Amino acid sequence: MRRNILPGLRLSLGVTLFYVGLIVVLPIVALILKAASLGPEDYWRIVSSARALASYRVTVLAALGATVFNLFFGLALAWVLVRYRFPGWRLVDAMVDLPFALPTAVAGISLTALFSANGWFGSVLGNLGITVAYTPLGIMIAMCFTSLPFIVRTVQPVLEDLDPALEEAAQSLGGSDWAIFRKVILPLLTPALLAGVSLSFARCLGEFGAIIFIAGNKPMSTEITALLIFIRLEEYDYPAAAAIASVLLLTAFVMLGVTNWLQARALRYTVKG
Amino acid sequence: MKIRLDHVIKTFETFRAVKDVSLEIESGELVALLGPSGSGKTTILRMVAGLEYSDSGSIHFDTQDATDIPVRDRGVGFVFQHYALFPHMTVAENIAFGMKVSKVKREKAAIEARVTELLRLVRLEGLGDRFPAQISGGQRQRVALARALAVDPKVLLLDEPFGALDANVRRDLRRWLREIHSELGITTIFVTHDQEEALDLADRVVILKDGQIVQQGTPEEVCRDPKSAFVMKFLGDANVIAAEVRDGKAYASGAAIAVSGLPDGKAELYARPADLDWALQGPGIPASITRVLDRPDGRRVLATAETGEHLELDVEPERSVKAGDGGFVTLRRAKVFAV
Numbered sequence: 001m002r003r004n005i006l007p008g009l010r011l012s013l014g015v016t017l018f019y020v021g022l023i024v025v026l027p028i029v030a031l032i033l034k035a036a037s038l039g040p041e042d043y044w045r046i047v048s049s050a051r052a053l054a055s056y057r058v059t060v061l062a063a064l065g066a067t068v069f070n071l072f073f074g075l076a077l078a079w080v081l082v083r084y085r086f087p088g089w090r091l092v093d094a095m096v097d098l099p100f101a102l103p104t105a106v107a108g109i110s111l112t113a114l115f116s117a118n119g120w121f122g123s124v125l126g127n128l129g130i131t132v133a134y135t136p137l138g139i140m141i142a143m144c145f146t147s148l149p150f151i152v153r154t155v156q157p158v159l160e161d162l163d164p165a166l167e168e169a170a171q172s173l174g175g176s177d178w179a180i181f182r183k184v185i186l187p188l189l190t191p192a193l194l195a196g197v198s199l200s201f202a203r204c205l206g207e208f209g210a211i212i213f214i215a216g217n218k219p220m221s222t223e224i225t226a227l228l229i230f231i232r233l234e235e236y237d238y239p240a241a242a243a244i245a246s247v248l249l250l251t252a253f254v255m256l257g258v259t260n261w262l263q264a265r266a267l268r269y270t271v272k273g
Numbered sequence: 001m002k003i004r005l006d007h008v009i010k011t012f013e014t015f016r017a018v019k020d021v022s023l024e025i026e027s028g029e030l031v032a033l034l035g036p037s038g039s040g041k042t043t044i045l046r047m048v049a050g051l052e053y054s055d056s057g058s059i060h061f062d063t064q065d066a067t068d069i070p071v072r073d074r075g076v077g078f079v080f081q082h083y084a085l086f087p088h089m090t091v092a093e094n095i096a097f098g099m100k101v102s103k104v105k106r107e108k109a110a111i112e113a114r115v116t117e118l119l120r121l122v123r124l125e126g127l128g129d130r131f132p133a134q135i136s137g138g139q140r141q142r143v144a145l146a147r148a149l150a151v152d153p154k155v156l157l158l159d160e161p162f163g164a165l166d167a168n169v170r171r172d173l174r175r176w177l178r179e180i181h182s183e184l185g186i187t188t189i190f191v192t193h194d195q196e197e198a199l200d201l202a203d204r205v206v207i208l209k210d211g212q213i214v215q216q217g218t219p220e221e222v223c224r225d226p227k228s229a230f231v232m233k234f235l236g237d238a239n240v241i242a243a244e245v246r247d248g249k250a251y252a253s254g255a256a257i258a259v260s261g262l263p264d265g266k267a268e269l270y271a272r273p274a275d276l277d278w279a280l281q282g283p284g285i286p287a288s289i290t291r292v293l294d295r296p297d298g299r300r301v302l303a304t305a306e307t308g309e310h311l312e313l314d315v316e317p318e319r320s321v322k323a324g325d326g327g328f329v330t331l332r333r334a335k336v337f338a339v
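Protein chains in written order, with this note's numbering: chain D, 1 to 273; chain Z, 1 to 339.
Since the hints were made in silico from the structure, they are not lab data. Since the model is a prediction, treat every value here as computed from it, not as a measurement. Treat each hint with caution, since some may be false.
Claimed, not checked - The calculated SDA-like cross-link candidates involving lysine to any residue, where the alpha carbons are at most 20 Å apart (straight line), are: (1) Z:LYS2 with Z:GLU26; (2) Z:LYS100 with D:PRO187; (3) Z:LYS100 with Z:VAL71; (4) Z:LYS103 with Z:PRO70; (5) Z:LYS100 with D:GLU167; (6) D:LYS183 with Z:VAL104; (7) D:LYS183 with Z:ARG130; (8) D:LYS183 with Z:VAL151; (9) D:LYS183 with Z:LYS108; (10) Z:LYS2 with Z:LEU184.
What the hints assert, rightly or not - So the derived list for chain D, only partly shown, Cβ under 10 Å to chain Z, looks like this: (11) ALA165; (12) GLU168; (13) ALA169; (14) GLY174; (15) SER176; (16) ALA179; (17) LYS183; (18) VAL184; (19) THR259; (20) LEU262; (21) ALA264; (22) ALA266; (23) THR270.
Here a beta-carbon is modelled for each residue, glycine too, at the ideal position from N, C-alpha and C.
Please model the entire structure based on the sequences and the hints provided.
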């Protein structure tokens, strides 16, 4: 091994790897082993049962919806927080982290109270013919709430570091505001946006506490995958729980792989030649 | 394009960056704004570009009042101090950017042809596909210039164009910028704090201090006839010797030089190292040598006068002088300013 100038490499690397192994790898391995204890036929039957398929569908669609919503709203929020200073700026900036700080069950209960048929928002929306509580829309709103900080907090620092001279240069070359945003700012934010999107989507897939109160949890329509896993656990059917969980795990891995690849593509220009 | 600034003022918060500057730049001229940091030179350049608006006063391009025209419609090419190339675009895409976003629609083939032409002008043929991170600082500088020239600006503005480059590259680029300027004949203003750069490159040097113009003229005029102690000191090494003016002559401990137009009384005498000489006999300023610095083109003598003033003078390489020698510092020429 090449000699390293920085001291403490072996110790710190050892401790870190041990910790990652204990806290991350071990549970995942246990999960896979538990799922593998099922035969291939049983495994397939469980993960492709109609109820499981319905739960994937509602979970993934709601997660996609929430992520796309947060992509726009989170970008807008980060933009406003970086570009403008207004009274209450500090408060808004602090509030972005609230979904992280708040226990998700509390968020779930408050959202349910607000959006139920006689809640503040629910009654207004009800008059317009929109029901939120106990529908997939409710699941999406709960996901939006808990995953909001990811995109804001990944985009904000990149936006802050953006050299103002880039925009000035684009202006001096005759670019309109929209052209500058689309051709200069957005491409430079893309890697951060992708990172935020993948974190946000992964969080949405796994969200449990905030959703179960507002979702209604009707099998085949508003039952999310995380809840189905929980139900199997309650029934002491650990292999089935592990099997369904392995599908979520795989989805999360694929998602991370795809976004990493996209990020690497978007950052090609930084590679020295 | 002739540029005229008329009583321009700019204040940031409470700091008055530019105080009542009036300046005329002839069409096709290459002008340097020279000054120490905080002298307002970059602010003036940015106001000409439209990147800052002046608080009062006006800026005219030929007969058109450009004071309130936004930067994107002003038709200027601006080269930023750190180039501000778009890092996610290739060199060719950077150069094509202005043509692509322009209100004037151009054929794709026409844009490509123009990019090729510009790459040849800035001697970067074959580097069109590289990203800015993959080329050297000097090459980036040239891309920035090509990008600014791509939109056929009426005026070219450069902010500390060579500030971030090492000395050799800087000298090359300086000569090259001069060539491009004579080839295109475009009115050009550049900002620098490096007097050598300003004197080498510019037709006319505008020297600024604390947001005001203190002197302007050709390099010859400002070098041969600095109007103030500040200009004298800023343009190069200068010895400062306390002196007294009596009857049209300035006396500085044993040395004397004729002056004109100065009242009798205390004054300061400014002399470049090459304006002084070393002699074993007077008349001159009695001094002793503390050190001799050898340089390729001569010897620099550091001496201490009997009055305690530290003096630096240049003598020819053959001269045998050494630390500890006593003698006289004589005046070949000097500028005298009243205190």
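Here is what the structure says about each hint:
no.	hint	in the structure
1	Z:LYS2 with Z:GLU26	5 Å, holds
2	Z:LYS100 with D:PRO187	16 Å, holds
3	Z:LYS100 with Z:VAL71	17 Å, holds
4	Z:LYS103 with Z:PRO70	15 Å, holds
5	Z:LYS100 with D:GLU167	16 Å, holds
6	D:LYS183 with Z:VAL104	18 Å, holds
7	D:LYS183 with Z:ARG130	18 Å, holds
8	D:LYS183 with Z:VAL151	17 Å, holds
9	D:LYS183 with Z:LYS108	17 Å, holds
10	Z:LYS2 with Z:LEU184	15 Å, holds
11	ALA165	4 Å, holds
12	GLU168	6 Å, holds
13	ALA169	4 Å, holds
14	GLY174	5 Å, holds
15	SER176	7 Å, holds
16	ALA179	4 Å, holds
17	LYS183	7 Å, holds
18	VAL184	6 Å, holds
19	THR259	18 Å, violated
20	LEU262	14 Å, violated
21	ALA264	13 Å, violated
22	ALA266	8 Å, holds
23	THR270	6 Å, holds
The structure fails hints 19, 20 and 21 (numbered hints given earlier, in ascending order).
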